[in-house]
Amino acid sequence: MSDLRVALVAEGPTDSVVIEAGLRAVLDRPFTLTLIQPEATRPQMGTGWCGVFKWCREFDARKFESLEGDPTLEGFDLFIVHLDADVAEASYADGGTAVELAAAHLPRLPCPQPCPPPSAAADQIRKVILAWLGLSCAGQRTVLCVPSKAIEAWVAVAVLEPSHALMFGIECNLTVPVRLASLPKSSRICKTTREYRKHASTVTKNWSEISEKCTQAERFGREVAAAVASVSSQ
Amino acid sequence: MIRTIHIQGFKSIADQTLELGRVNCLIGANGVGKSNVLEAIGILGAAANGRVDDEAILRRGVRPGLPRLYKTSFASGRIPPHITLSAEFGSAAAYQVSLLNPLDAPEPAWSFKTETLTDGANSVVSRGVRGNLSPTAGLSALKVVELAPASEAARLLHTLQSFAIYCPNTPTLRGMTQDMQPRLPLGLSGGGLAEGYIALRDNSAAEVLDSVLELIDWANDVDSTETAGALLSPSVPRSKQVLTFIDRFMAADRNTLTAYDASEGALYVLFAAILCLSPASPRVFAVDNLDQALNPRLITRLVTRLSGWLKAADPERQLLFSAHNPAVLDGLDLDCDDVRLFAVERNSDGNTCLRRITLSAQLSKLNQEYPLSRLWIMGSLGAVPNV
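Chains A and B are the protein sequences, given in the same order. Every letter in the first sequence is one number past the one before it in our numbering, and letter 101, counting from 1, is 210. Every letter in the second sequence is one number past the one before it in our numbering, and letter 268, counting from 1, is 989.
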């Protein structure tokens, strides 16, 4: 069996590190992961949710019925599109006039939802991603990864003690990224790729705890497994 | 031609097979193991020549290393006791070796654990535990003298024996520094460029030479001289022959430049052309970073020429090269089975993986908007770092 080829559209490189670490735990076979957004030679695309937005709009402009059907992505077995659920709090205007204009006929942002349950905002963001892609539903080999409120919640669960104050209601806490970066120096986790790489193996090792505490991580793992099963059956 | 190379347990390569064409381009992020693929073939070449030690591998452009660095070593798996390498040639010839060297007390030369050479159904060499023979001596290198030179097994052995990895550098191409691995037609660092060019010029058809020189658009002519005193400062070290270029923009009496002053791009173009076209070049050879010092449009054009040059010189000649410039890909005609593109990547276990990139008819149709160079940068082909 050849290695699974995974294409990842993510908000940023640190998110890519965490998602790759999660995949190591979820998948029972080796894989190669390629980050196709952000992409260093196209700085105009930017990072963050605006970068994901622009990438999705470019895909929509190619007018293919699914990521799986796009010839420019034909070498990949699995597609992951990541967007943190806290994007529900953002506004298109935050991305500048061009983004605002491009989103004129798309579901509106912000679209905040009560939390708990964390699934409310995550579900809303899933609809937003699909609309950005111009799709009514994701293909069989496409997984939408929407951590709540941000992927830093997964890092926090992996790294911090279960009794840590941040653990309570972690999927509804919008301040987790900031709180991780302002922990005491010895346990501080700054949002840099090198720092996240240091913790990647801990994320993999503690994935079952992450899935237990973060419903959207559990959902991600489950959907990846289903998508991979569809790859294997083809 | 060599059809297949199989590598097991060498450096970052746990178990990979490479199906070769005539022109074989390896792309991948820095540090994924592209050079390891080339070096594995170098080790196989040394084994085919009868001895695997630092001297033999250096001669082939392979970096010498201790067994603990040569043998695959991943956190997730055990270190295999030996390295196994094999090549298949033509319709039915094959050569395979397993090489041993203890991790804790490395010997100067690697021992042959097993060695097989077959020519169709005919087994030329086949042995496991070796009787009275020296364990560090390969038997196939001796047996080959008993084979008909035209047999596929003999051609396979000779092809592997002469394999080398070229890694040109500018000072050596300019003739300012000595090539530590001199060879005909060129040293592994590009030494002997002037002599190599003269031999090429004197032995090539006019249209072939034109196809080389038209890539150097600023020069009207290329030649060499032994008397470069009037062209070079006495403080510049030089080889016996010095390459000269006639600049087409300069005044007629002051338009001669030597390799020392000329654009380095011209030197790299001549280097590639000589290796592809010279009868003295190895039948299979590799160039690490073929694209260095070359303008994107020039490297694209150069790459389009490679297959034709190789075929013109020898129908069985093959080239493997690594590159980082996306423009290289736009010179590869992937619709032709002779021309192959391989993505080299490390998987989630850290193993180097090789994957041939082919294009569907649908993607070929999109070529104008999505040429291979763009697809590579976009990440669509993989073979990029996640940075």
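Keep in mind the hints are simulated off the structure, nothing from the lab. Watch out, some of these pointers could steer you wrong.
Said to hold, decoys possible - DSSO-like, lysine-lysine: derived pairs with alpha carbons at most 27 Å apart: (1) K172(A) <-> K236(A); (2) K314(A) <-> K294(A); (3) K294(A) <-> K236(A); (4) K314(A) <-> K300(A); (5) K1086(B) <-> K163(A); (6) K172(A) <-> K1086(B).
It should be emphasised that the depicted structure is a prediction, and the values quoted were computed from it without experimental measurement.
Hint-by-hint comparison with the structure:
Of the pairs offered as hints, the one joining K172(A) and K236(A) holds, with about 18 Å between alpha carbons and a cut-off of 27 Å not exceeded. Distance hint between K314(A) and K294(A) is fulfilled; the C-alpha atoms sit about 23 Å from each other, no more than 27 Å. In summary, the hint linking K294(A) to K236(A) is not supported, as the alpha carbons are separated by about 39 Å, beyond the 27 Å threshold. Of the supplied pair hints, the one linking K314(A) and K300(A) holds, its CA atoms being roughly 20 Å apart against a limit of 27 Å.
A hinted pair counts as satisfied when its Cα atoms are at most 27 Å apart, and K1086(B) with K163(A) qualifies at roughly 24 Å. Our distance criterion of 27 Å between C-alpha atoms is met by K172(A) and K1086(B), whose separation comes to about 15 Å.
Violated hint: 3 only; the structure is consistent with all others.
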